[in-house]
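Peer 1: Chain residues, written in single-letter form:
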Amino acid sequence: MIFHLIPSTLRMTTPIGYAALGGIYSERSGIINLALEGLMLIGAYGYVVGTQASGSAWVGMSVGIGLGVLLSLLHAIATITFHAEQIVTGIAINIFVLGFTEYLTPKPERVTGLPELNLPVIGSYSMLVYLLPIIMLASHVFLYKTPWGLRLRAAGESIEALKTLSLSRAKWQYLGVILSGILASIGGCFLTSNVHHYTKGITGGRGYVALAAVIFGNWRPIYGVAACLLFGFASSLELADLWNIPDELLKVIPHILTMIVLAGLVGRSHPPAALGKMDT
Amino acid sequence: MNISFILVKPIIRTFVYIRKLLLLCLPQLLVICGFFLLCGIVLFQRGQNPLEFYTTIFVSGFSSIDELGSVLFNATPLIFTGLAVAIGYKGGLFNIGCEGQLYVAAFAAALVGMFLNLPSVIIVPICIGTAMIAGAIWGAIPGLLKAKFGAHEVINTIMMNFIAIALTNFLVTSVYQEPNQMAPQTSQIYETARLSRLGGIIPFLPQSNLLNSSFLIAFICVILCYIFMKHTRWGYELRLVGNAPDVAAYGGINPAIVTVWVMALSGAVAGLAGVADVMGYQYRFLYNFSSGWGFTGIAVALLGRNHPVGVFAAALLFGLLNKVALDIELLMNVPRGLFHAGQGLLIIGLVCIEGISKRSSL
Chain U
1 MIFHLIPSTL
11 RMTTPIGYAA
21 LGGIYSERSG
31 IINLALEGLM
41 LIGAYGYVVG
51 TQASGSAWVG
61 MSVGIGLGVL
71 LSLLHAIATI
81 TFHAEQIVTG
91 IAINIFVLGF
101 TEYLTPKPER
111 VTGLPELNLP
121 VIGSYSMLVY
131 LLPIIMLASH
141 VFLYKTPWGL
151 RLRAAGESIE
161 ALKTLSLSRA
171 KWQYLGVILS
181 GILASIGGCF
191 LTSNVHHYTK
201 GITGGRGYVA
211 LAAVIFGNWR
221 PIYGVAACLL
231 FGFASSLELA
241 DLWNIPDELL
251 KVIPHILTMI
261 VLAGLVGRSH
271 PPAALGKMDT
Chain Y
1 MNISFILVKP
11 IIRTFVYIRK
21 LLLLCLPQLL
31 VICGFFLLCG
41 IVLFQRGQNP
51 LEFYTTIFVS
61 GFSSIDELGS
71 VLFNATPLIF
81 TGLAVAIGYK
91 GGLFNIGCEG
101 QLYVAAFAAA
111 LVGMFLNLPS
121 VIIVPICIGT
131 AMIAGAIWGA
141 IPGLLKAKFG
151 AHEVINTIMM
161 NFIAIALTNF
171 LVTSVYQEPN
181 QMAPQTSQIY
191 ETARLSRLGG
201 IIPFLPQSNL
211 LNSSFLIAFI
221 CVILCYIFMK
231 HTRWGYELRL
241 VGNAPDVAAY
251 GGINPAIVTV
261 WVMALSGAVA
271 GLAGVADVMG
281 YQYRFLYNFS
291 SGWGFTGIAV
301 ALLGRNHPVG
311 VFAAALLFGL
321 LNKVALDIEL
331 LMNVPRGLFH
341 AGQGLLIIGL
351 VCIEGISKRS
361 SL
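Top to bottom, those sequences are chains U and Y.
FYI, our numbering numbers position 40 of the first sequence as 40, with every residue one higher than the one before it.
FYI, our numbering numbers position 308 of the second sequence as 308, with every residue one higher than the one before it.
Since the hints were derived computationally from the structure, they do not count as laboratory data.
Any given hint could turn out to be false.
Stated by the list, open to error - Output of the computed footprint for chain U on chain Y, the stretches with three or more beta carbons under 8 Å from beta carbons of chain U:
{"hint": "1", "region": "17-26"}
{"hint": "2", "region": "86-95"}
{"hint": "3", "region": "108-121"}
{"hint": "4", "region": "328-339"}
To be verified - Label pairs and their computed distance ranges (CB to CB):
{"hint": "5", "chain 1": "U", "residue 1": "197", "chain 2": "Y", "residue 2": "148", "range": "31 to 39 Å"}
{"hint": "6", "chain 1": "Y", "residue 1": "360", "chain 2": "U", "residue 2": "167", "range": "55 to 63 Å"}
{"hint": "7", "chain 1": "U", "residue 1": "141", "chain 2": "Y", "residue 2": "220", "range": "31 to 39 Å"}
{"hint": "8", "chain 1": "Y", "residue 1": "359", "chain 2": "U", "residue 2": "249", "range": "44 to 52 Å"}
{"hint": "9", "chain 1": "U", "residue 1": "121", "chain 2": "Y", "residue 2": "329", "range": "23 to 31 Å"}
{"hint": "10", "chain 1": "U", "residue 1": "144", "chain 2": "Y", "residue 2": "129", "range": "50 to 58 Å"}
{"hint": "11", "chain 1": "U", "residue 1": "166", "chain 2": "Y", "residue 2": "246", "range": "26 to 34 Å"}
{"hint": "12", "chain 1": "Y", "residue 1": "291", "chain 2": "U", "residue 2": "124", "range": "56 to 64 Å"}
{"hint": "13", "chain 1": "U", "residue 1": "121", "chain 2": "Y", "residue 2": "256", "range": "52 to 60 Å"}
{"hint": "14", "chain 1": "U", "residue 1": "7", "chain 2": "Y", "residue 2": "220", "range": "54 to 62 Å"}
Backbone N, C-alpha and C fix where the C-beta goes; we use that ideal spot for every residue, glycine too.
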């Protein structure tokens with residue numbers, strides 16, 4: 001009974017997993033990133049446009065990631081260089097992307113998906129599904145076992161820490177935000193490569209679910225992806241048939257869980273200490 | 001000599017005041033000009049005449065009382081959400097949950113209006129009151145979580161948005177759906193619970209115009225909000241907690257309590273945007289009825305510098321933009337997404353300017 005849930009769980013988990021990892025990089029460097037939704041959407045959009053123009057899924061993915069990087073660069077310039085309010089900038093980017101993708105809508109044609117890997121026992125999934133745990137582990141190693149990761153985290157923990165080492169806080173924040181753009185847009189690419197076509201606002205709030213996973217996973221890569229797995233599993237359970245719980249109410253489980261965790265009722269939430277704080 | 005002095009002095013004073021106001025709003029005006037310029041450039045690049053675009057804006061906004069009424073109608077929900085965000089911001093809180101609050105409030109208003117058949121004098125206040133209470137509760141929950149557990153209100157209001165929309169969607173599709181109808185909507189509210197149209201009352205405004213008395217409520221709200229902020233004890237407490245919570249605590253104000261009621265007040269005002277739609281326009285609760293008013297409210301508050309009068313002006317501008325977006329789509333075949341994308345960039349421009357000016361004043 002559980003086994004037939006695996007494909008749908010993975011399909012739900014993968015896009016939010018990438019976006020959550022992206023969110024972790026950005027927030028660990030001290031920049032609140034509410035633009036995850038927009039970054040995912042532009043990735044999904046870029047994949048379709050690029051694939052339609054060239055016929056190759058790889059080109060599509062590069063276009064998606066490229067647009068994601070550009071957009072995250074906009075967020076980075078506004079928030080880091082111009083000290084704009086991070087929350088508002090993130091939401092503005094989401095509004096921008098929703099409008100932009102509505103203005104230049106891609107053709108409603110079917111696009112090819114990314115190549116699938118057929119492994120014995122596990123089955124055949126998009127290569128991005130297999131890449132997620134690898135990137136997750138790599139992120140963990142990067143953030144916790146390398147000096148660069150330490151510096152990136154220091155940017156989010158304290159305004160003074162990097163200054164005392166005469167290192168630039170802004171540089172590491174730029175890195176964090178751009179990495180979040182890359183990862184979130186990969187998540188978006190997976191969405192459209194999986195369903196083979198683009199629909200208006202295809203992300204449908206997944207960026208915010210990823211944000212919930214970041215908080216639920218206590219800003220740690222492995223916990224964050226685990227949270228995505230939990231959310232993905234919950235949404236693929238189809239309890240609607242089982243216990244007659246309506247689908248709409250099932251979708252808000254991640255949001256309610258996040259509120260409970262954030263309130264500290266279960267476990268303790270440890271956001272980066274200098275999250276959202278700007279150096280003067 | 002003396003008489004000319006009396007005549008000239010007010011003129012000079014007005015002039016100085018206008019100059020001060022212009023200087024204060026200069027960055028905002030520049031960003032707005034940039035926005036219109038950008039739209040023109042994009043249209044030119046599409047091979048259309050930008051001049052036609054600018055004349056269309058003028059025609060669709062100001063050419064007749066009818067058009068002007070439609071602009072005010074479009075601005076009404078934005079006045080409420082803009083005020084809601086501004087109230088929160090002055091109190092040091094970021095209310096991103098206006099969208100959820102207005103959904104819950106709209107549903108409450110629709111329910112009461114659907115089931116209670118009472119004379120207007122009784123039912124209209126009851127409807128509005130219930131909606132405001134519903135919005136206030138929805139806003140107070142994140143406030144309470146912040147005051148009690150220190151949970152950040154931004155995340156919680158975002159999560160509450162999703163919960164509100166899912167909950168009302170569920171109720172409207174399965175429990176309170178209009179009988180024998182496919183569309184996800186409730187039955188209509190009773191005639192007595194409706195806010196009257198202003199067409200026919202205001203001279204030259206045709207009966208068909210959608211402008212209704214919810215705009216008057218919005219206007220009163222702006223005035224009340226100004227008085228509340230500047231001339232009441234609670235307004236002072238709110239601003240003090242927003243600016244300097246430590247000072248407020250030292251002065252005997254409990255910031256936790258203020259946080260809760262500021263969020264409740266903000267939610268109640270945001271809820272009025274739902275009232276404007278249910279009681280003034282649709283006369284029922286519709287699935288996904290809001291076109292992002294809660295989020296546009298953030299832009300409105302930002303552009304209006306969180307001042308009630310500024311919010312009112314900014315809401316009129318965004319009301320105009322929303323109306324123009326529809327007209328341009330019809331007349332010039334330009335997808336309205338262009339305007340939404342432009343609005344996103346407009347907000348980013350505004351916050352960047354705010355960030356720079358804050359930094360240079362330090």
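Peer 1: Count residues of the region 86-95 of chain Y with a Cβ under 8 Å from any Cβ of chain U, then say if the count reaches three.
Peer 2: violated (count 1)
Peer 1: When I compare C-beta atoms, does the region 328-339 of chain Y have three or more residues closer than 8 Å to chain U?
Peer 2: holds (count 5)
Peer 1: Has the hinted range 31 to 39 Å been met by the Cβ atoms of residue 141 of chain U and residue 220 of chain Y?
Peer 2: 60 Å Cβ-Cβ, so the 31 to 39 Å window is violated.
Peer 1: Does the beta carbon distance between residue 166 of chain U and residue 246 of chain Y stay inside 26 to 34 Å, or does it fall outside?
Peer 2: Holds: the Cβ-Cβ distance is about 32 Å, inside 26 to 34 Å.
Peer 1: Using the beta carbons of residue 360 of chain Y and residue 167 of chain U, state whether their distance is inside 55 to 63 Å or not.
Peer 2: violated, 25 Å
Peer 1: Counting residues of the region 17-26 of chain Y with a beta carbon closer than 8 Å to any beta carbon of chain U, are there 3 or more?
Peer 2: n = 0 at 8 Å, threshold three: violated.
Peer 1: Falls inside 54 to 62 Å, the C-beta gap from residue 7 of chain U to residue 220 of chain Y?
Peer 2: holds, 56 Å
Peer 1: Falls inside 50 to 58 Å, the C-beta gap from residue 144 of chain U to residue 129 of chain Y?
Peer 2: Once the Cβ atoms are compared, 54 Å apart, the range 50 to 58 Å for residue 129 of chain Y and residue 144 of chain U holds.
Peer 1: Within the assertion that chain U covers the region 108-121 of chain Y, do at least three residues meet a Cβ-to-Cβ distance smaller than 8 Å?
Peer 2: Violated: only 0 residues of the region 108-121 of chain Y have a Cβ under 8 Å from chain U.
Peer 1: Honestly, do residue 359 of chain Y and residue 249 of chain U meet the 44 to 52 Å range at C-beta?
Peer 2: holds, 45 Å
Peer 1: So does residue 121 of chain U sit 23 to 31 Å from residue 329 of chain Y, Cβ to Cβ?
Peer 2: violated, 53 Å
Peer 1: Lying within 52 to 60 Å: is that true of the beta-carbon distance residue 121 of chain U to residue 256 of chain Y?
Peer 2: holds, 55 Å
In terms of the numbered hints stated before, the structure departs from hints 1, 2, 3, 5, 6, 7, 9, 12, listed from lowest to highest.
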